[in-house]
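**Q** As they're listed, the protein sequences go chains A, B and C.
First residue of the first sequence: 7, per our numbering; consecutive thereafter.
First residue of the second sequence: 5, per our numbering; consecutive thereafter.
First residue of the third sequence: 1164, per our numbering; consecutive thereafter.
No lab work stands behind these hints, which were simulated from the structure alone.
On a predicted model such as this, the values are computed, not experimentally measured, just so you know.
Calculated cross-link-like contacts (lysine to any residue; reagent style SDA-like; alpha-carbon spacing at most 20 Å): (1) Lys-804/A x Arg-20/B; (2) Lys-663/A x Ala-634/A; (3) Lys-663/A x Asp-639/A; (4) Lys-804/A x Arg-792/A; (5) Lys-804/A x Ser-42/B; (6) Lys-804/A x Pro-98/B; (7) Lys-1250/C x Glu-136/A; (8) Lys-804/A x Trp-700/A; (9) Lys-804/A x Ala-17/B; (10) Lys-1250/C x Pro-140/A; (11) Lys-804/A x Gly-169/B; (12) Lys-1250/C x Ala-1199/C; (13) Lys-804/A x Gly-19/B; (14) Lys-23/A x Gly-296/A; (15) Lys-804/A x Tyr-16/B; (16) Lys-1250/C x Gly-1285/C; (17) Lys-804/A x Asp-76/B; (18) Lys-804/A x Thr-15/B; (19) Lys-804/A x Val-58/B; (20) Lys-804/A x Leu-697/A; (21) Lys-804/A x Arg-263/A; (22) Lys-804/A x Gln-261/A.
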Amino acid sequence: MIGAACLALWSHWRRHKLQLATLLAGLALATGLWSAVQAINGEARASYDRAAAQLGAGQWPELRPRAGADIPLETYVSLRRTGWRLAPVLEGNLRLAGRSVTVMGVGLLTHPALPAVEAAEGGDGLAPVEVLTPPGRLFADPGLAARLEGNTDLPPVLPSDAVPPGTLLTDIAVAERLLDRPGTLSRLLILEPPPPGLPPLSELAPDLDRVAARGSGDIARLTDSFHLNLTAFGLLSFAVGMFIVHGTVGLSFEQRRGMIRSLRAMGLPLGLLARLMLAELALLALLGGGAGLILGYAVAGALLPDVASSLRGLYGAPVEGTLSLRPGWVLSGLGMALAGTGLASARALWRVAHLPLLAAPGMRAWGGSAAAMRAMVAAGVALILAGALATWLPGGLLGGFLLLGGVLTGAALLLPPLLSVILAMGARMARGPLAQWVWADMRAQLPGLSLALMALLLALAANIGVGTMVSSFRLTFTGWLDQRLASELYVAARDDAQGARMATWLGDRADAVLPSRSVERRHNGAPIFVYGIVDDPTYRDNWPLIAESPGVWDALARGEAVLINEQMARRDDLWPGDTVSVLPDWPLRVAGVYSDYGNPTAQAITALPALLERVPNLPNQRFGIRIAPDQVDDLARDLRADFDLPPGALVDQAALKAQSMAVFDKTFLVTGALNVLTLGVAAFAMLTSLLTLWTQRLPQVAPLWAMGLTRARLARLELLRSLALAALTALAALPLGLVLAWALLAVVNVEAFGWRLPMFLFPLDWLRLFALALLAAGLAALWPARRLSRLPPAGLLKVFSNER
Amino acid sequence: MLLSVDRVSKTYAGGRPVLREVSLTLDAGQTLALTGESGSGKSTLLNLIGALDVADAGEIRLGDTAYAGLDDAGRAALRRDRVALVFQQFNLIPSLTAARNLEFHARLAGRRDAAWLDRLAERLGLGDLLSRHPEDLSGGQQQRVAIGRALAVRPALLLADEPTGNLDETASTSVLDLMLELVRESGTALLLVTHSEAIAARLDRRAHLAGGRIA
Amino acid sequence: MNDRFCACLFALMLMLPSAALPQGFAGLGTEAEGFALPDPDYRLRFPEDHGPHPAFRIEWWYVTANLTGPDGSDYGIQWTLFRSALKPGEAEGWASPQIWMGHAAATTTEAHYSAERLARGGIGQAGVTAQPFDAWIDDWRMRGQDFDTLRLRAASDDFAYDLSLQAQGPLVLHGRDGHSVKSADGQASHYYSQPAYAVTGTLSLPDGETQVTGTAWLDREWSSQPLSPDQTGWDWFSLGFEDGTRLMAFRLRGGRGDFTSGTWIEANGRATALPDGAIRLQPLERTGPPNRRIPTTWSLVLPERDLDLRIEAMNPDAWMETSFLYWEGPVRISGSHSGKGYLEMTGYGEDDEG
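Starting from the given sequences, assemble the full structure and let the hints guide the process.
**A** Listed below in structure tokens is the structure:
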């Protein structure tokens, strides 16, 4: 019996190969995009975990400085001498071989085992004296090690696969020399809980805070927002893909009603039938999900290099651009496919289970009942309100995403009632009988199409929202680059001595030489870079201030005030008029806040002479050069020749801007790709919905045909109807997309990156998207419409046949 | 003579012939019952006369219009303006109210006559039902709307295919009575397909189809 | 003692995880690589020589004590501060080539507790000053106005002690004026002791705090050359007899035969060096699991002093679970003389970590 039933069920797919293909494609698309994002996230997280394991990060609770910069060495020693078991770490960034490198110095003697050091000790028999006494050794990943080769200023570099990319692992003695931070520490690992009976920490070291072990470390925390972003996109794509599944499964069940009734009439128990259909769905889900995994793996592989470079560029996160296959990823992808299919098919299955054995093929109701519409309105409004509430209640990044989720799903739920009202109004205003019919019929079609339209709404809104965000960001970023990169030429010296000679050399040749001298300290437990600048019109004219107090530049020049970047201002809630100590015991008035995109850390700018009084040994190796644009090439040539500069040491403004824009564009490449894919999936969902509705459409149009409308005209009307619905949906998507853009710019960006971006509107983009939506809907409707226009009369006559 | 069907044949692809050289005439205002077994070709003949389908051979004329010369649009115009159909399945437009359905065909044909519509609604007893959607109407009520819709266009010829086939006996009788009354009142010719002897007996003439031929 | 020599260098190897251990002691090298060498003509000067000698490769301040509780129970404690130089000399801050290591232990007849501390020189986490005397690593400390009156403290997760030490006699210089020879090849160290401290204080163990009294023995030794290439381990004894006389004795086990040496100390502190061969040491009984089989009962014969001793470990399981594995614990003496003392043995067990 089971065999026969299976054969009967399967015969449907044999006869409807296209439908099968659609279902599998929908499943594959949904699973593919979702699992692509998961693969990317998984790969990145694995990189962080690997890095954390390689550096032992986050495995121990820590003591971190509460305010100011570093932990004095004396504090560490005195804590050890009271009985605290601690391991010191000194961290900082260094520019080496043209890129920023993280130097992590540990007390190799007391530090918990580090894989890189273990391997070097074991394999090469590296002796303690080599590592612990000058010049010491640096451990670096093979890529970095190769780049640093021949750099005679550095201790010997040992390549090791057990060091995260972009990191130099070394003894603390080497680190304090490289970073020029003698006698200071960044944090202290608590290796064992302190023995009982000690005075409290607040007494022993009032400037230190105890921080619990975090597990995956700073980078995971920093990049959480980025991954949450991707996950949100993946989920959106998945949801849209599931609309397709819902549509096709619904169609197949609808078409198999007769067969199901016959099978049951022939004595197949309902329970068995339901189980068989469930098994069938599970099989299809696994097939489609499997295809989706292959697709997802390919997409992830294609996107990962850009994601990796974004993550490196944005956060300095150590991510490699290669993808590895993880069993957990395969299982979760198939699980999502199964769960999604189950969810998308629940209604169809329920209907099979409740299909009466003997029932006339009922006419389809003319539209969603008023009660259902009211419920949707209530649920939609509630979701939007809940989302808005989440902005305050949990707040933070999670709140931002809850806001997005609430507004998007709420708005999606509101779409059918809204369209229903608009269509009813249209029907009332329509004159001719045909127009009236078209309006009324659209409304009747609404329940069948509403899921596809919701998908379209979400895709369009996401497109508008994300597009607006990226374009606004890009516009802001471009303007900001113009302001920040005001110097015509940027040069980096090999060392301070060469820097000093260079400054003198440039003195007579350039209009102005602007040194870029900074020191890294810690502020509120996070790194801060304090820059000293000279008083120059370049800054006064160009610097991108977003908040300022009067006379900001004069106060700064007098060494009485400090400028801070937006990230720091928002994180620590410091604004013009407030006072902050960027260095210990040096309170300065905040005179201005400037935008500082693409930088995850806090930054402050003060007058160079004042900074030099407090930090005398500021590196002096980087300069911005102001010079007439037509002299840039000559000056660059002379500089190169006189100082024997390597190629990377000299960058002109245009090249630097181009590099920055390239990094920016790469960052949002993934977003753009996902955007387009989501829209494509939405169009596909519309197509499947229309195909699903096909069988229900004939009885609706056949009477009109009988009353004297040609098939071609009816087909045109079908097309028009889809376009109209798509257009209405697109119109509804515009405000939703703008709300989304606002939430992204004003809530999510602030939480995720620490900067708020001005919102610019791009009506041309909307027009393009509107056209794209019509095109998508038109393409989706074209096929069913063509089918109608070519349908032989016999097909339509069946509607009237008495035997139906 | 309003309608002439002259040696019309029809074969569906791959099947046996459904109609073989059928001939038939009908005068204006006349009513004709077309009877026959299931599968005898009654509905096919009706569809051909209604210009819903095209004959393989033979000639159908309605007044001075020869069907053979009509293209898709011409056939559509004929259906819109001169013949009207009533089916067993009623085939109302579900998204429109009864009132809109009633006037729909007439408006399509550009022949909306408010007085005539009112009269039809009154005669068909539709008064309170007009604001309802088809799904809220009983079968008999839907068929009355369908008949009204067909007559509202003041067709020369009304084609009805088992119009009471889906109704119980009481409803069937009252719907048929109404239809015959209205047809006679408006001078519309009626070709009614039925398998009921009782119904056939009430019409002016009858023709019997068997094996694709008029017996 | 040479044992401590090697222990310290071993420790250094092990500090950096999975450093390949040299086979035997050959890897340590017998060359001193710029380090100062023990000079037979050097005359010890105090208090200066209580302080560190960074020009030498290795050095230690080594205290062991036999203690008794109010109920007569026997206890032993150890407190050691090792200094090991990666390069000769001293430098400020992290650049210092000096490495410090502390070992502390407490032994009862039933249990043995040990702990270890490591520190870099130059930053103040560990170090020694001669006057006033202060030796420390983390929160472990031994200090006093001078070398005769000391307060000794150490604490770990499961034990702690806080003891006052009062010298009962003069310092004892081993070998020839403190120049102690360690092998037939002439390896040597500077070596002196304070063998007679009276001790009072408290000892905290997992089951509570006990008032203890007893005697302590402090060794000071520094050198740059470790062992002869063939030497594989050592057995070292510090013994106190009931008549007030004391004996320091050691045996270096080598492929070319054992090398023994020692010092006989009379009750008034007068010391006599005992040349190679004067002391005969013989293991009588080995105990412990296969990978830690070790002589815990010894016979010691010193014919010239009519000494014929049976020496038994108070707790046979006194292994030091530190960066390198060795055995160190209190012993009871019977035979021609009776008394208490300390025994250290290295080169027997296999490190669990392999």
